[in-house]
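Just so you know, the protein sequences line up as chains A and B, in that order.
For the first sequence, this note's numbering begins at 22 and goes up steadily by one.
For the second sequence, this note's numbering begins at 2 and goes up steadily by one.
There may be inaccurate statements among the hints.
Residues on chain A that point at chain B, a partial pick, calculated with CB under 7 Å [unchecked claim]:
1) 148
2) 150
3) 154
4) 242
5) 244
Calculated lysine to aspartate or glutamate pairs in the EDC-like style (CA-CA distance at most 16 Å, straight line) [stated by the list, open to error]:
6) B:216 to B:231
7) A:57 to B:62
8) B:225 to B:208
9) B:64 to B:4
10) B:28 to B:208
11) B:76 to A:115
12) A:54 to B:4
13) B:26 to B:14
14) B:134 to B:106
15) B:76 to A:214
16) B:28 to B:4
17) B:105 to A:55
18) B:183 to B:156
19) B:134 to B:98
20) A:54 to B:52
21) B:28 to B:52
22) B:105 to B:70
23) B:67 to B:55
24) B:219 to B:55
25) A:240 to B:52
26) A:59 to B:52
27) B:232 to B:243
28) B:15 to B:214
29) B:183 to B:170
30) A:54 to A:214
31) B:116 to B:138
32) B:158 to B:186
33) B:113 to B:127
34) B:74 to B:92
35) B:158 to B:52
36) B:105 to A:155
37) B:74 to A:155
38) A:59 to B:208
Hint data in this document are derived by calculation from the structure and do not stem from the laboratory.
In this text, all values refer to a predicted model and were calculated from it rather than measured experimentally.
Note that beta-carbon positions come from the ideal geometry of N, C-alpha and C, so glycine has one too.
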Amino acid sequence: MLTATGSYLINIFNTLGEFTLFSVSTIRGIFSKELKRKRVLEQMYKVGAQSFIITAITLTFVGMVFSSQVTKEFLRMGAAKIIGGIVGFAIWRELGPLLTSVVVAARVGAAISTEIAAMKVTEQLDALRSMALDPFSYLYAPRVIALVCMLPLLIVFADFCGFMAGIFIYVLAYNGNSVNYFVSAAHMLDLTDILAGILIKGPIFGAVIALTATYVGSKTSSGSQGIGMAATTAVVSSLIILFILNFFISFLVF
Amino acid sequence: MIEIKDVVKFYGEKRILNGVSLFVKTKRRTTIIGQSGCGKSTLLRLILGLEDFESGDIIVDGKSIKTLEEDEKNKLRLNFGMVFQSSALFDSLSVGENVGLVLKEHTIMSDKQIKSKVMNALELVELTDTYNKLPSELSGGMKKRVAIARAIINDPKVILFDEPTTGLDPITSTRIELLINKLTDYIGATSIIVTHQISTILNVSQEIFMFSDGKAIKTEGADKILKSQDKDIYNFVNGLVE
């Protein structure tokens with residue numbers, strides 16, 4: 022029992038150590054001469070194009086359901102004037118950044134880890150190295166930069182969709198006044214509420230998703246089972262880290 | 002040019018190479034044979050510095066691989082071409098891009114010059130019509146030939162072939178074997194071929210080493226290997242189980 026626990030702990034610390042070294046090498050790859058702008062732009066396009074619609078759909082419906090629930094209860098309590106602010110708080114501070122990151126982790130993170138894992142299994146990573154090309158600057162760094170840059174933009178778009186979906190339900194389903202909705206949001210929200218989700222959570226979450234996906238993919242074992250496992254592990258690990266980080270960032274910033 | 006001295010390599014608890022020593026003669030085709038899992042491919046990876054090893058040394062061009070930093074290893078790797086067992090073509094790149102990648106990343110050649118060199122290499126492997134195709138559109142034998150074109154594109158001093166004919170039909174295997182002979186002679190490169198295919202051993206080898214119990218045994222030439230007096234070699238080439 023003691024041996025098993027010890028070995029489990031050693032494994033965890035080993036993985037943490039390896040992940041740290043991997044992250045340092047990737048960050049070094051970002052500043053390497055080998056990093057090509059074309060590869061970064063390709064990845065940025067992929068991340069944006071892959072996640073744009075699914076992010077919009079997710080946040081639109083989350084905004085609608087949240088607005089519906091809040092409006093129903095707040096109207097009953099006679100607090101209609103603060104509905105816009107409450108929906109705004111929820112969307113801009115938490116739901117927008119977090120749910121966008123969850124969607125991106127599931128869509129892009131899984132795709133990245135699967136791609137890297139397949140490259141590992143089919144010796145493409147070794148082929149790169151045999152051609153004196155560094156996978157950190159050639160493969161991993163462009164993906165990290167792409168996610169760090171694109172996730173904040175996706176969050177802006179997602180926040181907008183969620184907030185506007187909220188007003189749509191508030192006005193159409195509950196005959197609310199759209200001006201009140203905006204005024205309430207303008208009174209209750211300050212710039213930190215809006216920007217922290219975009220400029221703090223966005224880049225950090227983007228880096229977490231990209232680093233986790235590339236790390237897990239690059240460490241995969243051989244075979245199709247290994248590739249499948251890589252996708253699952255990357256998504257699950259990213260989500261756990263995102264939820265934990267989200268708590269600490271929200272706790273410290275707001 | 003390449004000297005392997007008493008190399009020991011473990012995977013976990015398992016000792017894969019148990020003091021392998023061999024000398025690869027310049028501009029000769031050296032074949033390494035042995036059963037699956039005996040460490041033949043591992044040795045190629047060690048020569049390229051893709052993996053570390055526990056003890057011993059590998060000397061390439063007078064430099065010990067073990068003491069080189071990654072940047073120095075990269076410089077050395079540019080003198081090598083490697084044909085991987087799975088071909089290892091990049092799925093997202095076309096055949097032309099795969100073959101020309103090393104030139105694009107490491108030289109200041111224009112796109113036009115690179116294309117011309119790539120076409121030359123593809124002509125040597127008789128695959129000029131595949132320039133714009135993706136690897137997924139090629140057969141196994143064609144992938145191997147593209148991988149060979151990629152390995153020779155920068156005129157390497159050494160070409161490493163990892164199981165170049167495994168999984169191919171006999172005719173395609175022979176075509177690949179003839180190609181290996183033609184190209185290594187054409188470039189004047191030293192080549193190391195890892196294989197367990199008897200036809201490849203017979204058609205390609207100029208020097209042969211047999212891996213057994215984690216060690217390398219120098220054998221007679223390809224013409225004599227089928228009648229070797231060594232029990233391990235005799236059993237291997239004749240497929241005998243003890």
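Quiz item: Does residue 232 (chain B) pair with residue 243 (chain B) here, judged by a C-alpha cut-off of 16 Å?
Solution: At roughly 10 Å apart (the allowed maximum being 16 Å), residue 243 (chain B) and residue 232 (chain B) satisfy the hint.
Quiz item: residue 59 (chain A) and residue 52 (chain B): Cα distance at most 16 Å?
Solution: Given pair residue 59 (chain A), residue 52 (chain B) is violated - Cα atoms ~30 Å apart, limit 16 Å.
Quiz item: Given the hint that residue 76 (chain B) pairs with residue 115 (chain A), does the C-alpha gap stay at or below 16 Å?
Solution: It is violated: about 49 Å lies between the C-alpha atoms, which goes past 16 Å.
Exercise. Starting from residue 54 (chain A), check that the Cα of residue 214 (chain A) is at most 16 Å away, please.
Key: violated (38 Å)
Quiz item: Given the hinted pair residue 134 (chain B) and residue 98 (chain B), is their alpha-carbon gap at most 16 Å?
Solution: Answer holds: residue 134 (chain B) to residue 98 (chain B) is near 10 Å, not above 16 Å.
Quiz item: Within 16 Å, alpha carbon to alpha carbon, are residue 116 (chain B) and residue 138 (chain B)?
Solution: violated (20 Å)
Quiz item: Taking only the CA atoms, is the gap from residue 105 (chain B) to residue 55 (chain A) under or equal to 16 Å?
Solution: holds (11 Å)
Quiz item: Is the Cα-Cα distance between residue 113 (chain B) and residue 127 (chain B) 16 Å or less?
Solution: violated (20 Å)
Quiz item: Can the restraint linking residue 219 (chain B) and residue 55 (chain B) be considered satisfied, given a maximum Cα separation of 16 Å?
Solution: Cα-Cα ~23 Å, so violated.
Quiz item: How about residue 154 (chain A): closest beta carbon in chain B under 7 Å, or not?
Solution: Nearest chain B Cβ about 6 Å off; hint holds.
Exercise. Would you mind confirming whether the straight-line C-alpha gap from residue 15 (chain B) to residue 214 (chain B) stays at or under 16 Å?
Key: Judged against 16 Å, a Cα distance of about 12 Å means the pair holds.
Practice problem: Mind checking the alpha carbons of residue 67 (chain B) and residue 55 (chain B) for me, to see if they're no more than 16 Å apart? | Solution: Measuring from Cα to Cα gives roughly 10 Å; hence the hint holds.
The earlier numbered hints that this structure contradicts are 4, 5, 7, 11, 12, 13, 14, 15, 20, 21, 22, 24, 26, 29, 30, 31, 33, 34, 35 and 38.
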